[in-house]
Structures are given as structure tokens and as C-alpha cells.
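Participant: Read top to bottom, the protein sequences are chains A and B. Plus 1 on top of the position in the first sequence (first one is 1) and you've got our numbering. Plus 401 on top of the position in the second sequence (first one is 1) and you've got our numbering.
Treat the hints as calculated values from the structure; they're not laboratory data. We put the CB at the ideal spot given by N, CA and C, even for glycine. Each hint can be trusted.
Computed beta-carbon distance windows for the label pairs:
#: 1; chain 1: B; residue 1: M681; chain 2: A; residue 2: N64; range: 29 to 39 Å
#: 2; chain 1: A; residue 1: E158; chain 2: B; residue 2: E686; range: 53 to 63 Å
#: 3; chain 1: B; residue 1: D678; chain 2: A; residue 2: A86; range: 23 to 33 Å
#: 4; chain 1: A; residue 1: E94; chain 2: B; residue 2: E686; range: 43 to 53 Å
This is what each chain is made of:
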Amino acid sequence: MGILRLSHVEIRVPDLELATAYYSEVVGLIETAREPERVFMKCWDEHQHHSVVLVYAPTHGLNSFGFKVTDAADLDQYAGRLQAAGVAVQRLEKGEWGPGHGQAIRFDLPSGHRMELVHGMEQVGNMLPRTNPPPRPMNLTGIAPPRLDHLFLTAEEVDTVTGFLREVLDFRLTEQVMGDDGFQIATWLEVSHSSHDIAVITGSNRGLHHFAFWVDDWNDLRSAADACAYHGVHIETNPTRHGVSRGQCLYFFDPCGNRNEMFTGGYWVDPDAEPITWTEAEMGRALFYYDGVVNQKFLTVHT
Amino acid sequence: MGILRLSHVDVAVTDLDLASAYYTEVIGMVLVERTADSAYLKCWDEADHHSLRLTYAPRVGFDLMSFKVEREDDLSQLENAVARYGFPVQRVSRGDSVGQGESIRFETPSGHTMELVHDVRKLGSSLPRVNPQPFLYRPGGEGGLPGIAPPRMDHVLVTAEEVGESTQFYTDVLGFRVTEQLLDGHGHQVGTWMERSHSPHDLAVVSGPNGGLHHFAYWLDDWDHVRDAADILAYNGISVDVGPTRHGITRGSTIYFFDPLGTRNEVFTGGYRPDPDFPMITWTEDNAGRAIFYYEGELNDRFMKVHT
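Using the sequences and the accompanying hints, generate a full structural model.
Facilitator: Now the structure itself:
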């Protein structure tokens, strides 16, 4: 049945203790497993074992990211298609990569990003009972987003990565910023009928622009900004609106320099929807609709 | 790949002009097409031809619920599945329904007419495809939409004498997945919530007469929009049934109200995004009040008994 949604991100941090404290106390994730050099975490409403994995490394950035597939057979099907496209595929047995992890295939995108498709990750349950559950837990810490939402990569050739995601992995383009030279400056793609599960913007290969958590509405973005300010977190962009995706957002940095986003809104899209195009002249509004300009830090800082 | 989402609901109204005025001026849908006996309407962010059909009749009632399938060949696959279950399936030819191509229709075990369609005429949403503003701009209603203006239709809740049997049909034959169920003291299902679109529900069934419509619901973006909707309903003298409040089931935030002819409408937001392997949630009879209205903790008689 194919690729379902973003499953997890594996983030490099030079200070594992500091990063763990930030992601548990400020972001409000729940720790599910710990190794000497890795910490596995999830959002409160997620059933699966982990959606954020922090890994000790001398630098910051993205080690790998995974998408969940519906059926185990999807792994074979995509492995076949990747190999037919000349891409080397590594297979991982259930639990081989880490605690709670499922069966997976790993490969590199044309931009050098390490991507994984995973099935059968351990289900550890959300924070609520399955019988007569209240609508939310009452003992959450920090921002406490219910789930991971999407991932934003940088790549030297956005067209090439976008073409690969569409042709080999069946992602669907929802929006694009077109340069005056006719090349894609940035693209947004989905598999889950949301405005985007992954996006790519012009920049360094293998780069991470940000990963984003879902919050339920605009009021939650204000609360998230309050929590960031209270904890001295570096806020990059105040609560504002995207032109692309129509979503509302808040950007900030973890203490190791990885950019985080809290995101809400957007739309639901049918598989046959016609993509939306933004012209280079309107790129400011495409990214930040109220400001109409993109600040240099947003365009140049990535990990 | 099967059923994608709710496509449209067809309801019978005793006063087509009054109903059209309500759905355009108070709800804020777009009137797409009007024939001698029917009006076709869509929400501003919907690209497809219509999500609501109003048809004049001497009684108020529920004619049909239509779901969209992802691919053309899903129609023949699901046609076979329904036929194997022992229910006759009717093919509706291109040109026989306004705004859409070929579809299949059949009766569900609870006597509801259900339609599946793939080919729907695309009218486009109210925004351009190049550099669109990220919201519907409504300068004093001029050139924009009045009323609540929900971006899209969301789900439908129907009544059935045998909820368990109906649910089995929707899951086993049509591929719906149950996200939540409400059980009576004997462990029988008295309500089920089912999805195809990775939302808490696209279709729900509760105990009641066969063929009945409890309500259909519009999506709103957030709780602020739910408050605005309550303001607009009150201003227009619309009969509010319940809310604004919160559901235990789906976790959504909601208002229920009636159109001027007696069909129940809902505005809905919130909820969660279940995977296909989502572990089902169960509500027990002693928590039925909180299941439906989490803040009140109890159901009103009107909510339990009035349907169309």
C-alpha cells in the first residue's frame, strides 16, 4: 500500500545530556530507550517506539530519517524499484538498528541524505488508555506536541531530489517555488494527504533545514513561543504564517544548533491535486506570508 | 487503493430556496449549479464540483452519501466486493449525475444508499494555483463568502438498527477502519467511528432507525473558528443543539445545530491522525456521556432522538 508518513529523524548532537534535557523538558518528548551514545524519544500521542533519535557526534545535523510503510511487502517493492534505479539498498532486520526499531531498508537520496523505509516498529502506546480515554494527558511537560510532522532538507539540485522522490518513491508534489531560470528553488511533497511530509530547498547536500512537530492550532504556537522564551531558547521566527502550505509556524534552535519548527494548519489534498506554484518574485510571501521577505539566516543556516 | 474520503451528501429539503439561502448565507458554501429541483454546493477550498446536493421533496430526509475512490479501477473492485456480499450494485453512467462521471450505488445493510465515485468534475478551489494567498479573503463579505465559510466537508454520521452488522459491512467489504467504538452494557456496539483518510472518522454509525441521517459535518481549522461559527449561528437565529464543546470520541471540538428544515449540521475541528494499525479505542456504557460530550458528561434527549 506504500509509504504512509514520516516515522522518525536521527539527529546528531555534540552534547547528549544537554540535548536530551532540552527535548524532554522544553519540547516535551518522552524518553523510551537510552544507550551510551543514543537516546530514543517520542511525542505523547505517538504509538510507535521513537520519532526522534538523538545520537552523540562531534557535530550537529541529520544522520538519517525514516518513513513508515503500510505493509512489510512495501519494503521489497521499494527495494526493487530503488535497485532498478541504480540505488544501493541496505536491509535491516527488526531491532537490528536499535531498540524497538522495525524491519527497514536504507539508501541514499541523490542529495546524499540517508533515508530509510521502516515497518513494524514496536508499538508502545500513547499516554492515554484505550478505554474511555480523556482527550489529552494532564501531566505533560514543555510544549508537548502530539506528533512529529515533517522534515525540510537542503540540496544542491532540488529538481533532482524532487524527481527522485516522485518517480521512485511515489511522493506527490503539492507546492514549488520556481526560479526565474526555470529551476525549482524549493519543493514540498506529501504521501499522507497533508500539505507536506517532506520539503527540499536549495542549499548544501545532506543538509537539514529543520524538522517540525505538529501542534493543534495557532493558540498552541503562542504557548510554544512562551515556553521557548521562558527557557531561553533561541527563537528565530515568531509565530507567523506560511504562504506555502498555508500553515502557521514557529522556528527555533535546539541548544546544539539544529532548527526545530512547531507547525499547524494547512490543508488536505487529494492525490490528483494540481500543484501550486510560487514565482521567485513572490518567494518572500511563499515562506513568510506576513513579512513578505525571508531573512538571510533562514536561507543560509542549516545543519 | 480504495476509498479516499467523503465526496458529497444528498439531502431532501421541503423548501429549496430557504435551504439554498441558509447553506450559502449562513454556512457560506458556494452555489455551483441550480436545476429545477436541486442545488449543488461546495466549500471554498474544495476543488471538486460539489460536496452537498439539496433536492426538493415533500419531506426532509437523507438521499445518499457518496465517497470518493482513489482510482478508476477501485470502482469495479468494490462493485465486486459488494456483489459478493450479496447486495445488488447499480452502475450510474456518465452524464446521469450532475458534475460527475460514472459511479456505483448500492444499499448498505442499514438501508442507506451509498455511492462510490472517482471521476468528479474539477472546478478548482477559490484560490489561484500560482502565488495563492493562504486564506480566504473576505472584505466585508464583498467578493468573498458570508457566513461560517468552512474550507471543506468532513464526515457523516448515520443511524442504523444493527450497528455491529453495518460496521462489519463497512470494514470487511469497503475497507473502513474502526478508530473508536461505544459499547452497551452487554458488549454490543451502539456506535462506531470509521476512517479511510487517516482522520478520526469519515463515517460513523450510531443506534437508531435504518436509513437515518444524524448529521453531516464541516471541517473548521481550529477552536477560534468554532467560536466564530457560534457567533454567526447565534446572529442568524439558528437553533443550536449542543456546543461549542469537546467530544471524548475523536477528541474533536464541535457545535451541533439545525438547518431551517431540520437537518442536523456540525462544525468540527481537532482530532488525531491514526495510522492503519491504530489500536482501536473503546468507550463503555457508563462513560457514554463523556464519550459524546466530554465537558457535559451527559447526552441530551434531542441529540439521542432527533435525526432525519
